[in-house]
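Put the two chains together into one complex, using the hints given.
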Amino acid sequence: QSALTQPASVSGSPGQSITISCTGTSTDVGAYNLVSWYQQHPGKAPTLLMFEGSKRPSGVSNRFSGSKSGNTASLTISGLQAEDEAEYYCCSYAGSALYFFGTGTWVTVL
Amino acid sequence: QVQLVQSGTEVKKPGASVKVSCKASGYTFSSFGISWVRQAPGQGLEWMGWISVYNGNTNYAQNLRGRLTLTSDISTNTAYMELGSLRSGDTAVYYCARDRRGSGSYFDYWGLGTLVTVSS
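Top to bottom, those sequences are chains A and V.
Numbering of the first sequence is given in our numbering, commencing with residue 1 and proceeding in unit increments.
Numbering of the second sequence is given in our numbering, commencing with residue 1001 and proceeding in unit increments.
Bound-form chain V, shown alone (with noise of 0.2 angstroms):
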């Protein structure tokens, strides 16, 4: 069954960058992109970018432009969210999910989330 398994809680201060994982099982990785959603306390959902696994192509949120950078390591099956200059309003619960994009531009799983807190 598909799986995607994210790395643990995170804590950082303001500036610093963090960088997450979200290893994937029971499909083929590069056949499918990764997106990124995040969420903050009690808010909803935002979309932060997109990376094709196959080719490395990435799509990003204006908002996150120049502090984004999503890769992926086919090698093993992993993909991976950097952000950085981190504040207090990335603090955030990070999910991946697996991006149907070409074929209906939906999310079908997602990784439990990692929560990074940003704080002093």
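Isolated chain A (complex conformation) (with noise of 0.2 angstroms):
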């Protein structure tokens, strides 16, 4: 096993929405509702956005949500703001208490 696929770039203008992807196979993201996405600004640690698939901590806006289909995760960003201008990866439970991480996608706001 090895790390999820995602883009390695995505961009928007501000009030856009994007889509970002996370790929894997029906051993981790395929088999289990447990996907998790962080959003990382350059020099700062990861902060949590989204568990299991589409749920929300506190104060995560709801300009930012999450769903799943067979082996692919996405996270979708709607109402593009200057400040959503960061790296963003995907995570996900792979079975025997492991956990792998995607490759990571950098959002540009035009």
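For the record, the hints were derived by calculation from the structure and aren't laboratory data.
Bear in mind the structure is a predicted one, so any value in this text is a computation, not a measurement.
One or more of the hints may lead you astray.
[As the list claims (entries may be wrong)] Simulated pairs of lysine-lysine, DSS-like, Cα-Cα distance not exceeding 25 angstroms:
1) Lys1019/V with Lys55/A
2) Lys1012/V with Lys68/A
3) Lys1012/V with Lys1023/V
4) Lys55/A with Lys44/A
5) Lys68/A with Lys55/A
6) Lys1023/V with Lys68/A
[Claimed, not checked] Ranges between beta-carbon positions, derived for each pair:
7) Ser78/A with Arg1087/V: 25 to 31 angstroms
8) Ala8/A with Gly1089/V: 19 to 25 angstroms
9) Ala82/A with Ile1074/V: 26 to 32 angstroms
10) Gly95/A with Tyr1054/V: 35 to 41 angstroms
11) Glu83/A with Ser1025/V: 27 to 33 angstroms
12) Gly1015/V with Gly59/A: 42 to 48 angstroms
13) Glu85/A with Tyr1054/V: 16 to 22 angstroms
14) Gln1062/V with Asn33/A: 46 to 52 angstroms
15) Ala82/A with Ser1103/V: 42 to 48 angstroms
16) Gly70/A with Gln1003/V: 37 to 43 angstroms
17) Pro57/A with Thr1076/V: 40 to 46 angstroms
18) Arg63/A with Asn1055/V: 28 to 34 angstroms
19) Thr1071/V with Ser26/A: 30 to 36 angstroms
20) Ala1016/V with Ser17/A: 32 to 38 angstroms
Just so it is clear, CB atoms sit at the ideal spot from N, CA and C, and this is done for glycine as well.
So, in structure tokens, the structure goes:
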């Protein structure tokens, strides 16, 4: 098993919506509804955006939403804002008490 | 509020070991596990392993088994990550994170990170 696959970069204009995909396999993303998403600004620690695929922790904007279909999870950012420019990582539980992170996606706000 | 405070920057020579601490506050330490995640310069996040603070059970990423040891001390609310036989590829920022294993399997609070540089 290895890292989950994410696009290297996604961009959008302020106010637009973008979607980041996270593709795994039938033994991780496809097997469990246990995908989480993290936002990381340069030089900072990651912060939790989403857990169990589509649940937002308190304090996270409802502009962020998550979903899953088969072996692919997705994070959608609606009403894109300048502060959303950051790196985004998915993470999936993979059985046998292991986790795998995605390769990361840099979001550019044009 | 929940806080995870990590120890400071380390510089080690190849072949040496490093031990990083992570002191928790703001919650009952024994009620949650701790995972460790590292990030090499310019690279993505890599999950390293997990420890159950409650009973000391551990799980390690396959590529680190044999070099990684996770421990915790309930008396001081501190988790430790020790990595041995260091090589240049271990240069990274090391994060501890509270692990919500068994209730969603995610990391809800993170430390600020500890930079470990391996260089001769």
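Tested hints:
For the proposed pair Lys1019/V and Lys55/A, the alpha carbon gap of about 35 angstroms is over 25 angstroms, so the pair is violated. Restraint check for Lys1012/V and Lys68/A: not satisfied, since their Cα atoms lie roughly 42 angstroms apart, outside the 25 angstroms limit. At roughly 22 angstroms between alpha-carbon atoms, Lys1012/V and Lys1023/V fall within 25 angstroms of each other, so this suggested pair holds. For the proposed pair Lys55/A and Lys44/A, the alpha carbon gap of about 23 angstroms is at most 25 angstroms, so the pair holds.
Our distance criterion of 25 angstroms between C-alpha atoms is met by Lys68/A and Lys55/A, whose separation comes to about 12 angstroms. Note on Lys1023/V and Lys68/A: the hinted pairing is violated, with a Cα-Cα distance of about 35 angstroms set against a maximum of 25 angstroms. Separated by about 44 angstroms at the C-beta atoms, Ser78/A and Arg1087/V break the suggested range of 25 to 31 angstroms. Restraint check, Ala8/A to Gly1089/V: a C-beta distance of roughly 21 angstroms satisfies the suggested window 19 to 25 angstroms.
Between Ala82/A and Ile1074/V the beta carbon distance is about 43 angstroms. The supplied range of 26 to 32 angstroms is therefore violated. In this structure, Gly95/A and Tyr1054/V break the distance hint of 35 to 41 angstroms, their C-beta atoms being roughly 21 angstroms apart. Between Glu83/A and Ser1025/V the Cβ separation comes to about 28 angstroms, which falls inside the hinted range of 27 to 33 angstroms. Between Gly1015/V and Gly59/A the beta carbons are some 44 angstroms apart, a value that agrees with the proposed interval 42 to 48 angstroms.
Checking the proposed 16 to 22 angstroms range against Glu85/A and Tyr1054/V shows it is violated: the Cβ atoms sit about 39 angstroms from each other. Restraint check, Gln1062/V to Asn33/A: a C-beta distance of roughly 24 angstroms breaks the suggested window 46 to 52 angstroms. Distance hint for Ala82/A and Ser1103/V: a CB-CB separation of about 34 angstroms, inconsistent with the stated range 42 to 48 angstroms. The hint said 37 to 43 angstroms for the Cβ distance between Gly70/A and Gln1003/V, and at roughly 38 angstroms that hint holds.
Look at Pro57/A against Thr1076/V: about 28 angstroms separates their beta carbons, and that is not inside 40 to 46 angstroms. Arg63/A and Asn1055/V have their C-beta atoms about 40 angstroms apart, which leaves the hinted 28 to 34 angstroms range violated. Separation of Thr1071/V from Ser26/A is about 34 angstroms and conforms to the stated range, judged on CB atoms against 30 to 36 angstroms. At roughly 49 angstroms, the beta carbons of Ala1016/V and Ser17/A sit outside the given window of 32 to 38 angstroms.
Hints 1, 2, 6, 7, 9, 10, 13, 14, 15, 17, 18, 20 from the earlier list are contradicted by this structure; the remaining hints agree with it.
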